[in-house]
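J.: So you can see what is in the structure, the chains are spelled out below.
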Amino acid sequence: MISCNEVLAELSDYLDNDLTPEFRKALEAHLSHCRTCQVIYDSMHKSLRLVTESSTFELPEGITQGIMTKIRARLRPNLDPEKP
Amino acid sequence: MAFLPEAAVPEDYGPFVAFRNRLGFLPNLFRAQTLLPRAIEAEAGIAECVLFGDKALSRMTKESVILTIAGANATPYCLAAHRHVLLAAGRKEADLDRMVTDVHRAALPANETQLLDFCRRLAVHPRSIGSQDIQELRDSGFSDEAILEAIQTTALGQFLCTLATGVGAEPDFETGPVPDRGNGRKELQRPLGGKPNGGPGPYLRYVERTERDFPPFAFFRESFGFVPNIFRAQTLSPDVVEAEARVVDTVLLSEDVLRRVQKEYVLLAISAANLNTYCVAVHCEMLRGLGIPEETSDQIALDHHLASLSEADTALLDFALKLATKPTEYGAADVALLRGLGFSDTQVLEAVVMTSLTQFLNTLQMGLGTIPDMEPRLVFDSPRHQAGTESPPADEDTELVARSQAGDVAAFEELVLRHVGRIYRTVVRIVGKNDAEDEVQNAFLKAFEHIKEFRGGSRFSTWLTRIAINEALSRHRKSMKEETLEEDRLVDEEQPFRPRHLHRWAEDPELAYSRQETRELVDRALMNLPTKYRLPVLLRDVEELSSAEAASVLGLPLATMKTQLLRGRMMLREALAPHFSRQDRGIA
Numbered sequence: 001m002i003s004c005n006e007v008l009a010e011l012s013d014y015l016d017n018d019l020t021p022e023f024r025k026a027l028e029a030h031l032s033h034c035r036t037c038q039v040i041y042d043s044m045h046k047s048l049r050l051v052t053e054s055s056t057f058e059l060p061e062g063i064t065q066g067i068m069t070k071i072r073a074r075l076r077p078n079l080d081p082e083k084p
Numbered sequence: 001m002a003f004l005p006e007a008a009v010p011e012d013y014g015p016f017v018a019f020r021n022r023l024g025f026l027p028n029l030f031r032a033q034t035l036l037p038r039a040i041e042a043e044a045g046i047a048e049c050v051l052f053g054d055k056a057l058s059r060m061t062k063e064s065v066i067l068t069i070a071g072a073n074a075t076p077y078c079l080a081a082h083r084h085v086l087l088a089a090g091r092k093e094a095d096l097d098r099m100v101t102d103v104h105r106a107a108l109p110a111n112e113t114q115l116l117d118f119c120r121r122l123a124v125h126p127r128s129i130g131s132q133d134i135q136e137l138r139d140s141g142f143s144d145e146a147i148l149e150a151i152q153t154t155a156l157g158q159f160l161c162t163l164a165t166g167v168g169a170e171p172d173f174e175t176g177p178v179p180d181r182g183n184g185r186k187e188l189q190r191p192l193g194g195k196p197n198g199g200p201g202p203y204l205r206y207v208e209r210t211e212r213d214f215p216p217f218a219f220f221r222e223s224f225g226f227v228p229n230i231f232r233a234q235t236l237s238p239d240v241v242e243a244e245a246r247v248v249d250t251v252l253l254s255e256d257v258l259r260r261v262q263k264e265y266v267l268l269a270i271s272a273a274n275l276n277t278y279c280v281a282v283h284c285e286m287l288r289g290l291g292i293p294e295e296t297s298d299q300i301a302l303d304h305h306l307a308s309l310s311e312a313d314t315a316l317l318d319f320a321l322k323l324a325t326k327p328t329e330y331g332a333a334d335v336a337l338l339r340g341l342g343f344s345d346t347q348v349l350e351a352v353v354m355t356s357l358t359q360f361l362n363t364l365q366m367g368l369g370t371i372p373d374m375e376p377r378l379v380f381d382s383p384r385h386q387a388g389t390e391s392p393p394a395d396e397d398t399e400l401v402a403r404s405q406a407g408d409v410a411a412f413e414e415l416v417l418r419h420v421g422r423i424y425r426t427v428v429r430i431v432g433k434n435d436a437e438d439e440v441q442n443a444f445l446k447a448f449e450h451i452k453e454f455r456g457g458s459r460f461s462t463w464l465t466r467i468a469i470n471e472a473l474s475r476h477r478k479s480m481k482e483e484t485l486e487e488d489r490l491v492d493e494e495q496p497f498r499p500r501h502l503h504r505w506a507e508d509p510e511l512a513y514s515r516q517e518t519r520e521l522v523d524r525a526l527m528n529l530p531t532k533y534r535l536p537v538l539l540r541d542v543e544e545l546s547s548a549e550a551a552s553v554l555g556l557p558l559a560t561m562k563t564q565l566l567r568g569r570m571m572l573r574e575a576l577a578p579h580f581s582r583q584d585r586g587i588a
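These protein sequences, in sequence, are chains A and B.
Residue numbers for the first sequence follow the working numbering, beginning at 1 and rising by one.
Residue numbers for the second sequence follow the working numbering, beginning at 1 and rising by one.
Possibly wrong hints are sitting among the right ones.
What the hints assert, rightly or not - With the Cβ distance kept under 7 Å, some of the chain B side facing chain A (calculated, not the full set):
#	residue
1	Asp-313
2	Phe-444
3	Arg-569
As the list claims (entries may be wrong) - Each computed DSSO-like pair below joins lysine-lysine, with the alpha-carbon atoms no more than 27 Å apart:
#	chain 1	residue 1	chain 2	residue 2
4	B	Lys-55	B	Lys-92
5	B	Lys-326	A	Lys-70
6	B	Lys-446	A	Lys-70
7	B	Lys-446	B	Lys-433
8	A	Lys-46	A	Lys-70
9	B	Lys-322	B	Lys-446
10	A	Lys-25	B	Lys-326
11	A	Lys-70	B	Lys-433
12	B	Lys-92	A	Lys-46
13	B	Lys-433	B	Lys-322
14	B	Lys-433	A	Lys-25
What the hints contain is simulated information worked out from the structure, not anything from laboratory work.
Even glycine gets a Cβ: it sits at the ideal position worked out from N, Cα and C.
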């Protein structure tokens, strides 16, 4: 039987479905009887869901235009009055 | 019951007589190998000159080293045997128990604690060892001879632990406490990031010997065509090099049980799993000498399942890798599996001995810091045999990138429109809202200037994200540096993160607050993470990049990125827990 420390060390890989089938089985066997690890797994899963779901940001207006203005200015250095 | 049958051996069998004389008993570990007497004889030779007898280190100090290694590996058999020897020599039981669980709490002289801690790290985190560690031991009064003995004894400890697990040896005595393996062997596959401390190896002084005046070197030259640096680096103990040459001769070069090529496969596959570049380079070279194409060796190092080996050879490597890297999961069923494929008991035993020998050589090399005898053929950083190996999906930006490279600005504008939201979202969480817009502009400008250099080795979005992160970080290098120093003081990366909030969370935490409130809580928690832990979380859980892509963006080995990701996620969970757990919010 694997220990709680081993479960915690692999929790991230477990959430990412990135464990060998044998270790996954051992980890799930541990989770089925260990309340502490269950709570940590469940709350970490929910934390990541919250992070993924609240990841929208309002883009500053005109940011693309600002980028393209800079790029076009770089392409025509001789026409750019600020360049020597 | 051991996993393999015993053969009858006469009472006066030399190695058994020697073990009885040296230890006062005949360890079951050696009885369990009577199908292969030449292995027992070679092991007795190594034990005699590494462990038995007082040299630069006393016999009892070396017994303490092996007990420490048995504790680090949580191997009951070796814990029992070496505890017994130390108890018989008058050491106190409580001291030994502490030595096994936490050497710093054992009542030992400071320099012995330091030595045992070095040996434990060499066994558990071999890639963290560097010349700085060796210098610190010298500063504490250890001679190079003593340090060499400590490294050889650690390697012997690794050998014995693997062997005892592999043959399923019954403990000869009571084991005493068996520590948690959480800090133990599993981390062998989990290298610490960065380079080993201090300069390049070899770390210890050695004596120049030639093939003319030193027969073991003549033997290596004749057998391999060269004298491996791992043996040149041990000439302060010529007797050990002689014993090692005998082990190589009787265990590796023999062809009567397993074939030599099969044994080289075992050495290569385990060395690759242990991320031991030196041993991979050496054994690829040996396989080349045996007529195995380089591509096959490379594939064995990366994943032997794809190397077109026979079913039996593939199973042999599965067996050896499991014993070496996942000993807690190894058992009689694995032995039965090999038998089912037609391996004899003696062949299974030799596979166990070869696996143990590989652990011995890998540990020696890491401790000695020997440089490769030839160019390393592969750079490999990912742990092997993981499910769900990600291959990057096709890049939907290919056409626009090609047009941009040909000077089509409108195509680049299309790329900006596609990616600006994502890049902004990442950058704002590195530099904050005030500076984010400027940094995003700089990142795209830089990408445009360098787009002709983009060769399609990764997806365009990965390349772009890497530029954006580097730009953002370079402007904030100073605050990062201060943060890193502070972090190093507060966070011991060798220690697993200890969660503190252990209350169940609400079923639907999203419903606990308004959308806006939840987003603010999450943002604050993210921004409070140290940058090195925040970035992997951002890339994996916000940008939803694959692990390989996130590692590539951050310029980190996959294993290092994953370690930081785990800690980042743990810290994030801890920060959010007070807001979403039932008890803390009075929901329960």
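J.: Give me the numbers of the hints this structure contradicts, sorted from smallest to largest.
T.: 1, 5, 8, 9, 12, 13 and 14
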